[in-house]
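There are 2 protein chains.
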Amino acid sequence: MSVIALDAMGGDHAPEALVKGVCWLSRNSEGHILLVGDHDPIKAELDKHPHNPKNVSIIQAEGVIPMDAKPKVALDALPRASLPLSAQLVASGEAQAFVSAGNTGAVILSCARAFKRLPGVKRTALAAVYPTEQGHGPRGDPFSLMLDVGANIRVSAQDLIVFALMGSAYASVVSDNPSPRVALLNNGTESNKGPPELVEAHRILSGRDDLHFMGNIEGVDIPKGTADVVICDGFTGNVVLKMLEGVNETVQRLARYAYRESLSWKIALALLSRGIRELKNLTDWQQYGGAPILGFDHLCIKAHGRSSGRAISNAIRVARKAVDSGLLERIARLLENTKLES
Amino acid sequence: MSVIALDAMGGDHAPEALVKGVCWLSRNSEGHILLVGDHDPIKAELDKHPHNPKNVSIIQAEGVIPMDAKPKVALDALPRASLPLSAQLVASGEAQAFVSAGNTGAVILSCARAFKRLPGVKRTALAAVYPTEQGHGPRGDPFSLMLDVGANIRVSAQDLIVFALMGSAYASVVSDNPSPRVALLNNGTESNKGPPELVEAHRILSGRDDLHFMGNIEGVDIPKGTADVVICDGFTGNVVLKMLEGVNETVQRLARYAYRESLSWKIALALLSRGIRELKNLTDWQQYGGAPILGFDHLCIKAHGRSSGRAISNAIRVARKAVDSGLLERIARLLENTKLES
Chain A
1 MSVIALDAMG GDHAPEALVK GVCWLSRNSE GHILLVGDHD PIKAELDKHP
51 HNPKNVSIIQ AEGVIPMDAK PKVALDALPR ASLPLSAQLV ASGEAQAFVS
101 AGNTGAVILS CARAFKRLPG VKRTALAAVY PTEQGHGPRG DPFSLMLDVG
151 ANIRVSAQDL IVFALMGSAY ASVVSDNPSP RVALLNNGTE SNKGPPELVE
201 AHRILSGRDD LHFMGNIEGV DIPKGTADVV ICDGFTGNVV LKMLEGVNET
251 VQRLARYAYR ESLSWKIALA LLSRGIRELK NLTDWQQYGG APILGFDHLC
301 IKAHGRSSGR AISNAIRVAR KAVDSGLLER IARLLENTKL ES
Chain B
1001 MSVIALDAMG GDHAPEALVK GVCWLSRNSE GHILLVGDHD PIKAELDKHP
1051 HNPKNVSIIQ AEGVIPMDAK PKVALDALPR ASLPLSAQLV ASGEAQAFVS
1101 AGNTGAVILS CARAFKRLPG VKRTALAAVY PTEQGHGPRG DPFSLMLDVG
1151 ANIRVSAQDL IVFALMGSAY ASVVSDNPSP RVALLNNGTE SNKGPPELVE
1201 AHRILSGRDD LHFMGNIEGV DIPKGTADVV ICDGFTGNVV LKMLEGVNET
1251 VQRLARYAYR ESLSWKIALA LLSRGIRELK NLTDWQQYGG APILGFDHLC
1301 IKAHGRSSGR AISNAIRVAR KAVDSGLLER IARLLENTKL ES
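Respectively, the protein sequence lines represent chains A and B.
Heads up, the first sequence is in this note's numbering, so the first residue is 1 and it goes up one at a time.
Heads up, the second sequence is in this note's numbering, so the first residue is 1001 and it goes up one at a time.
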């Protein structure tokens, strides 16, 4: 049975919301969860909610990494804080994966310090799921996976190929999709489009038969969800993901404005409530369980800083699913089968 | 009085919709328009609509560049087609600017063949306006300007600075904005964020007092419209602009689906019709008059391939405004005042 370490002090609503989510999960699923952080406030929260004590234990940490701290400075000062200690528990084998809603830079740096990169991986990637119009996989999951979304500003063709293999393996696990469609995000669909690293990655990926490479996609395909897995450098991924967030915020502000505007609009929005609920559901990142950091020999799921209990329990479930399905072995095998060109 | 050359054969609805737009414009404003293309079909369209013959003339061209042709091949085969001939009429002084809704690559290449780059410009830029939540300039125009959106995949710090100066000059003309806020699109707001060319451009732009540089913005600021002018490389600009198009298409498909879905939704959408009209108006690219190509010693406005008569008449009006306000002289002066670092 899997053991997942949770950085119980990381995130805007830690530890309260996180512990509450863990309590619920402990009664509704099997698997152990290590709550890493300050014992007393965690224990106080545990006592408030019904939970299965066999599935939960507390690991005392020394300090908390602030959400807006400089990662290196903070980790050097607090090497046994809840965040790095969670990573260390995974490295030492006491847990199989860790989940954190804390400082993103510190999460990535903690992984880099505690874990090793898998053979063949020069750059690790932060992946994220985002809502799409089309469904994905046999369940019709309403989201695509995109990587890299922030860890690497500029990448090589080989990095892009590694991202494609890792993303394909991850999507096949989380969406139960035996053959996810993988695409390169480019400024045109033709194979010769884009900067040299994209042209080269396109050429090499086109020749592989161990993943479903569909070629280049353009910006217009991002919200549509033409691909299950979208591959790009971290600069582009960061801009795209934050832009989706901005579009969502703008639509919500316009809707609130419309609601205040007139009686007929109030009635209209009431009549539309089911549709708006469905749309809200579609764009609700909390159900997607966070962003995996891929390329290390151990697994980390980075949950959103604003994570509620439900978001954290979904992140833990995704981590368990990845562990149980042997995600890292699958990625290692794909990379091993690869004669990566240097 | 300005003379604008219109590639009357370029675009999905050429020449019918274009000539119709020109007829309307000829009766409602001053300034001459050269309709460049096949005489007979253009004349036939002219005869259908009331127009002021003093403001319109037809220039016979030899052939039409297809919308999906390879630019170089097509222009080599048809050097006097309506599109390149329009550029040549500007270069020879018979017109002051040209407008085309034709093949984008061929428009840019025609400019490169007929025009010279302004001193200090290594790379020219394609700029585009896109709808934003916040208004811009004294009229509160609901759009921002973004450049480059496709001409250059990778750029240097100097290119970004030139784009910033040209974009600032263009926005000040079209939005009557004496001091447009100019920002670099980056993966974080701090000055040291992003690839080296962005860090360097940030440093140099921060030291200039002839433009209103507001620093870095992130993806979330794009739909909000935090900046009046957004500067980026052509790869990022292409992805962002096409993504906005994709978001718009997705929302429209969801709305059509909702309309078919149930009676209560039909009523709701009827009640919301004014709001939807306003939103449609806000995201209606046709009123924005097309995308300028900046950095040459002559001006070209690239209109959307799907341009209607109204879109074309707006593009011609923007071209006139740029000519009348001395846009190119203003850009040349900004570049001259610049000790550009090599």
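Hint data in this document are derived by calculation from the structure and do not stem from the laboratory.
Cβ atoms here follow ideal geometry from the backbone N, Cα and C, with glycine treated the same way.
Please note that a few of the clues may not be correct.
Said to hold, decoys possible - A short list of chain A residues far from chain B (calculated; beta carbon distances all over 12 Å): (1) 16; (2) 44; (3) 62; (4) 76; (5) 118; (6) 149; (7) 154; (8) 187; (9) 242; (10) 245; (11) 249.
As the list claims (entries may be wrong) - Distance condition first, Cα-Cα at most 25 Å in a straight line; then the derived DSS-like pairs of lysine-lysine: (12) 224/A / 1054/B; (13) 193/A / 1242/B; (14) 70/A / 122/A; (15) 1070/B / 1224/B; (16) 1116/B / 1070/B; (17) 1122/B / 1072/B; (18) 242/A / 1072/B; (19) 1122/B / 242/A; (20) 54/A / 224/A; (21) 1070/B / 1122/B; (22) 72/A / 43/A; (23) 1193/B / 122/A; (24) 1242/B / 70/A; (25) 1048/B / 193/A; (26) 1321/B / 1054/B; (27) 242/A / 1224/B; (28) 70/A / 54/A; (29) 1242/B / 72/A; (30) 193/A / 1072/B; (31) 1072/B / 1116/B; (32) 193/A / 1122/B; (33) 1224/B / 224/A.
Evaluated hints:
At the 12 Å boundary, the C-beta of residue 16/A stays outside the reach of chain B, the nearest C-beta of that chain being 27 Å off. Separation of residue 44/A from chain B is adequate, the least Cβ-Cβ distance of about 36 Å exceeding the 12 Å criterion. Residue placement check: residue 62/A keeps its beta carbon more than 12 Å from all beta carbons of chain B (closest about 29 Å). At roughly 20 Å, the least C-beta separation between residue 76/A and chain B is larger than 12 Å, which holds for a residue marked as non-interface.
No Cβ of chain B comes within 12 Å of the Cβ of residue 118/A; the nearest lies about 25 Å off, and the non-interface call holds. The claim that residue 149/A is not at the interface with chain B is violated, since a C-beta of that chain comes within 12 Å of its own (minimum 10 Å). With a closest Cβ-Cβ approach of about 6 Å to chain B, residue 154/A is found to fall inside the 12 Å limit, against its non-interface label. Non-interface call for residue 187/A relative to chain B: violated, since the shortest CB-CB distance, roughly 4 Å, does not exceed 12 Å.
The claim that residue 242/A is not at the interface with chain B is violated, since a C-beta of that chain comes within 12 Å of its own (minimum 3 Å). Its closest Cβ contact with chain B, about 5 Å, brings residue 245/A to no more than 12 Å, contrary to its assignment away from the interface. Once the 12 Å rule is applied to beta carbons, residue 249/A is inconsistent with being away from chain B; the minimum gap is 7 Å. Proposed proximity of residue 224/A and residue 1054/B is contradicted: the alpha carbons are some 48 Å apart, above 25 Å.
Between the alpha carbons of residue 193/A and residue 1242/B the distance comes to roughly 15 Å, so the proposed pair stays at or under 25 Å and holds. In summary, the hint linking residue 70/A to residue 122/A is supported, as the alpha carbons are separated by about 24 Å, within the 25 Å threshold. With a CA separation close to 36 Å, the supplied pair residue 1070/B and residue 1224/B exceeds the 25 Å bound. For the given pair, residue 1116/B sits about 22 Å from residue 1070/B by alpha-carbon distance, which is consistent with the 25 Å threshold.
Distance check on the hinted pair: residue 1122/B and residue 1072/B sit about 21 Å apart at the alpha-carbon level, within 25 Å; holds. The hinted pair formed by residue 242/A and residue 1072/B fails the criterion: a straight-line CA distance of about 37 Å is larger than 25 Å. Restraint check for residue 1122/B and residue 242/A: not satisfied, since their Cα atoms lie roughly 31 Å apart, outside the 25 Å limit. This hinted pair does not check out: residue 54/A and residue 224/A have alpha carbons roughly 44 Å apart, beyond 25 Å.
With a CA separation close to 24 Å, the supplied pair residue 1070/B and residue 1122/B stays within the 25 Å bound. Restraint check for residue 72/A and residue 43/A: the C-alpha separation of about 30 Å exceeds 25 Å, so the hint is violated. Pair hint residue 1193/B plus residue 122/A holds up; C-alpha atoms about 22 Å apart against a cutoff of 25 Å. Between the alpha carbons of residue 1242/B and residue 70/A the distance comes to roughly 35 Å, so the proposed pair goes past 25 Å and is violated.
Between residue 1048/B and residue 193/A the alpha-carbon distance is near 43 Å, which puts this suggested pair outside the 25 Å criterion. This hinted pair checks out: residue 1321/B and residue 1054/B have alpha carbons roughly 20 Å apart, not beyond 25 Å. Of the supplied pair hints, the one linking residue 242/A and residue 1224/B holds, its CA atoms being roughly 12 Å apart against a limit of 25 Å. For the hint pairing residue 70/A with residue 54/A, the CA-to-CA distance comes to about 37 Å; that exceeds 25 Å, so the pair is violated.
With a C-alpha separation of about 37 Å, the suggested pair residue 1242/B and residue 72/A falls outside the 25 Å cut-off, and the hint is violated. Among the hinted pairs, residue 193/A with residue 1072/B is consistent with the structure: their alpha-carbon atoms are about 16 Å apart, no more than 25 Å. This hinted pair checks out: residue 1072/B and residue 1116/B have alpha carbons roughly 18 Å apart, not beyond 25 Å. Between residue 193/A and residue 1122/B the CA atoms are separated by roughly 22 Å; this keeps the pair inside 25 Å, and the hint holds.
With a C-alpha separation of about 21 Å, the suggested pair residue 1224/B and residue 224/A falls inside the 25 Å cut-off, and the hint holds.
In summary, the numbered hints that this structure violates are 6, 7, 8, 9, 10, 11, 12, 15, 18, 19, 20, 22, 24, 25, 28 and 29.
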